[in-house]
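> Chain A is already provided as a structure; the job is to place chain B on it using the hints.
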Amino acid sequence: MKRRVTERVLARLASWASLEKVQVAKSIWWGYFPVALVAMIGVLLTLAAFIQSLGWERGQVEIAFREAAQDRILVVQRELKHSLGIVQDIASFFEASEVVDRREFRKFVGPPLKRQAGINALEWVPVVLAENRSAFIREAQQSFPPFRITEDDLSGKLIESRDRPVYYPVLYIQPYQNNKEALGFNVGANPIVSTLLGEAELTQRLQVSPGFPLMDETGEKTGVMVAVPVFFKNEKQEDDPALASPGIRGFAIGIFSIGDIVERALESLRSGGVDLHFYQGSSTGDGQLIYTHLSRMREGRAPDTEADISEITYSQRISVGAQQWEVVCNPAADKFQAETWGSWIILFGGIAFTVLLITYVVTLVGRARQVRLEVEERTSQLWEAVQALNREVVDRKSAEQELQNLNETLEHRVAYRTAEAERRAQYLEQFAYVTSHDLKAPLRAVSNLAQWIQEDLADKLDDASREQLALLRDRVRRMHDLIEGLLEYSRVGKTADSENQVDIRELVDEIIDSLSPPNGFTIKIKGEMPTMHVDRLQLGQVFSNLISNSLKHHGGDKGKIRVKGESYGDVYQFSVCDDGKGIAPEYHNKVFMMFQVLESSDFESSTGIGLALVKKIVEEHGGTIRLESAVGEGACFYFTWPKNRSSE
Amino acid sequence: MLNRDETILLIEDDRVDIMTVQRALKKNKVSNPLHIARTGLEALSMLRGEGGFERISPPPALILLDLNLPKMSGIEFLRELRSDPELKELHIIVLTSSNEPKDRAAAFEYDVDDYIVKPHSFDEFTRAMATILALWD
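Here the protein sequences come in this chain order: A and B.
Mapping of the first sequence onto my numbering: position 333 corresponds to residue 333, and the numbering continues sequentially without gaps.
Mapping of the second sequence onto my numbering: position 103 corresponds to residue 751, and the numbering continues sequentially without gaps.
Source of the hints: derived by calculation from the structure; they are not laboratory data.
All values derive from a computational prediction rather than experimental measurement.
Please note: incorrect hints may appear among the correct ones.
The calculated lysine-lysine pairs, modelled on DSS-like cross-linking and capped at a C-alpha distance of 25 Å, are [unchecked claim]:
id: 1; chain 1: A; residue 1: Lys-81; chain 2: A; residue 2: Lys-107
id: 2; chain 1: B; residue 1: Lys-719; chain 2: B; residue 2: Lys-736
id: 3; chain 1: A; residue 1: Lys-157; chain 2: A; residue 2: Lys-114
id: 4; chain 1: B; residue 1: Lys-675; chain 2: A; residue 2: Lys-460
id: 5; chain 1: A; residue 1: Lys-460; chain 2: B; residue 2: Lys-719
id: 6; chain 1: A; residue 1: Lys-524; chain 2: A; residue 2: Lys-581
Next comes chain B alone, as it looks inside the complex:
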């Protein structure tokens, strides 16, 4: 379980998907602060405190990353993040609708903690989130 004050960064461009994550967290009674970035660049700016964004400090305990993002894809974001010495240790869980093996392989290349294909059913998604968060240490 996450500590109460630890933050989560969600990188997602789709509003419904953001809502899905928010509702799933709420259903699982996870009340940790949730930062939301709509693109990979925005997320990087927030993590580094650049471009008018307030730096998330301390860094988020968990990053939930969608792969299909505008401007900078999730994989590109991962490459950027892992090459940044200050940020390369961050924990990341990929949340994606892509079940493509190449996407999966690319993600694990950058040492992500988990890879979750967004299930069609919200209940299933909620359960999957619960499992992940419950097992988090």
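So that you can see chain A by itself, here it is in the shape it has in the complex:
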């Protein structure tokens, strides 16, 4: 029952262990959660950094581009203002002087023409009313004889101007060489110019014409005409602006090549990969593209339309006279590309770092897992060991139990045997007692009766009857002795209460006395006869039997008997030797057996118990006995007796 309970407990523990295993397996997979987390965080951070860096780089590029564009626009704007300002200067010059002759005009515009690029022509166009036409021509022909007022006919041929209410002839023009035909040309006949001049007069300030094609030696360009009105003095303020026309004196006009001005302005800057597009008005809608500056970095390559539709543009409005222009900038094809390699380094570096980190974490997790597996394995091994140990303990316990049972059985058996032995000993004792009382009493009665018959019939008995009665009594006597011997034999070992300090020499002397050896026999005591703690009665019986044996079986009238003691280690050896007829070797073993009598029963009284008794006593006390004898050479009995044997 006990054992079944133990097994049940073990089974339950085993089921716990397997449950534990499942949990461990699950948690091992959970161990990879940090890896996923690290991967996710790493990738996200890397991507964020990449995007941020990319944005930042783009921003940097945009800022650089915008700065470059702004620089260029500023330079161009200044140059334009400067260039166009000459027309204003001319106007001021005319306003300041009553009369400006041809030579003065040439002198005035000479330096700007040399210094500045993009000036195609600088003109002075007076306003000439119809009634003043001939006077004007006459005055002009004084300084320039071939002067006349001209205009284009329908076919484009230059002809003498038709009659008009107002003429706007070019009176002075510089540089003259390229503009001979323009001298005297009535610019008012051109509707565009007429509108321009009208606006200038109306607004009383510098006006810029829409762009128009301009031919020169380098090809077609876009040009603009700039006009500044000049009024007669002191009439400008007084007159109603609406009625200003009569007060108008003329117009300072400049024809400019926008492209040349822009290029001249940008010469001062290093090439920066910026394209500039100049629009009159807005860049979208009705605005007119008047010039496009392609970055010198292109080195003459034509703009790739697709590449030039850049994501980066910059536009700015500038004022040119009364006009609003818009300058749109975009980077040249391979310029102002965001340098994104830094971001890519961040991206790939971040990913590489993440991979490294993941590898590390995987290694860690793997190691942890391995450690865990190992621990688990060790635990299971330990568990098995514990189980084995438990089994062994159970086995041992059962074995122990068995042993105990066996022991108990054995103890019971021993106890039973002991009790049986004791019972038998008691039985034997009882038997001896019964023998002593119940056998001896009748024998005694027989003996007494025989004696009384002998006594009572002393006179009437013949010799034969008398002898028979004597034999009867003798045999009864012998039987009595046998019974006595048996009794003594059975008592050996049971009388352990009589151990005392005994002087062995004294004991032997007493025994010799009691045996009263016949004349002719001498008994000597030799050697070491100690005083020792012995059972006096039994050791006495041994000596008594041996000495009386020697006397009885000597076989002669005279003899010497020697009793000797010797010390050997922890025993004493005593010997009783005679010089009698001796005992043949074949009888040496027999003498110690009970009822073995070597001589006829008629001879002497010998019970055959004496030596058996001696042997039993000696052996009961832990000693040994032996006989040395040969026929005719006497006999020696040697026996040992322990020196210090605790009483039993």
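Relative to the frame of chain A, chain B by itself:
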């Protein structure tokens, strides 16, 4: 020696043993009256005058007691006798075939005067009786 009129009580169940005692006394010329009881109970009855027995009066000068008796053993008789105030002073000699030390010790426990192991030889017994009676006072 016993006075002439002093009596002896022999408690013995065996006829030959009774005869042995009688012959030994006769051989030693002791003629004092000898009462014989076959058991311990009978002896007690005779000493107390009970159960149809005539009381031995005066009490016997000497009681010769065998130990191995039917119905009531010699030791039991001794215990009974010594516990009786009127009888506890009586002199007793044990005559027994038992040489067992425990019997001897038990007998002396009840303050017996002597303990004689019945010898095998009648002559020896006679001598032993003579010695005892001669020394009796």
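> Take the hints in turn and mark each one as holding or not.
Outcome of the hint check:
The hinted pair formed by Lys-81/A and Lys-107/A meets the criterion: a straight-line CA distance of about 22 Å does not exceed 25 Å. Simply put, Lys-719/B and Lys-736/B have alpha-carbon atoms about 21 Å apart, close enough for the 25 Å limit, and the pair holds. Proximity of Lys-157/A to Lys-114/A is assessed by CA-CA distance (about 32 Å); at most 25 Å being required, the pair is judged violated. Simply put, Lys-675/B and Lys-460/A have alpha-carbon atoms about 21 Å apart, close enough for the 25 Å limit, and the pair holds.
Restraint check for Lys-460/A and Lys-719/B: not satisfied, since their Cα atoms lie roughly 42 Å apart, outside the 25 Å limit. Restraint check for Lys-524/A and Lys-581/A: the C-alpha separation of about 19 Å stays at or below 25 Å, so the hint holds.
The structure fails to meet hints 3, 5 from the earlier list, while all remaining hints are met.
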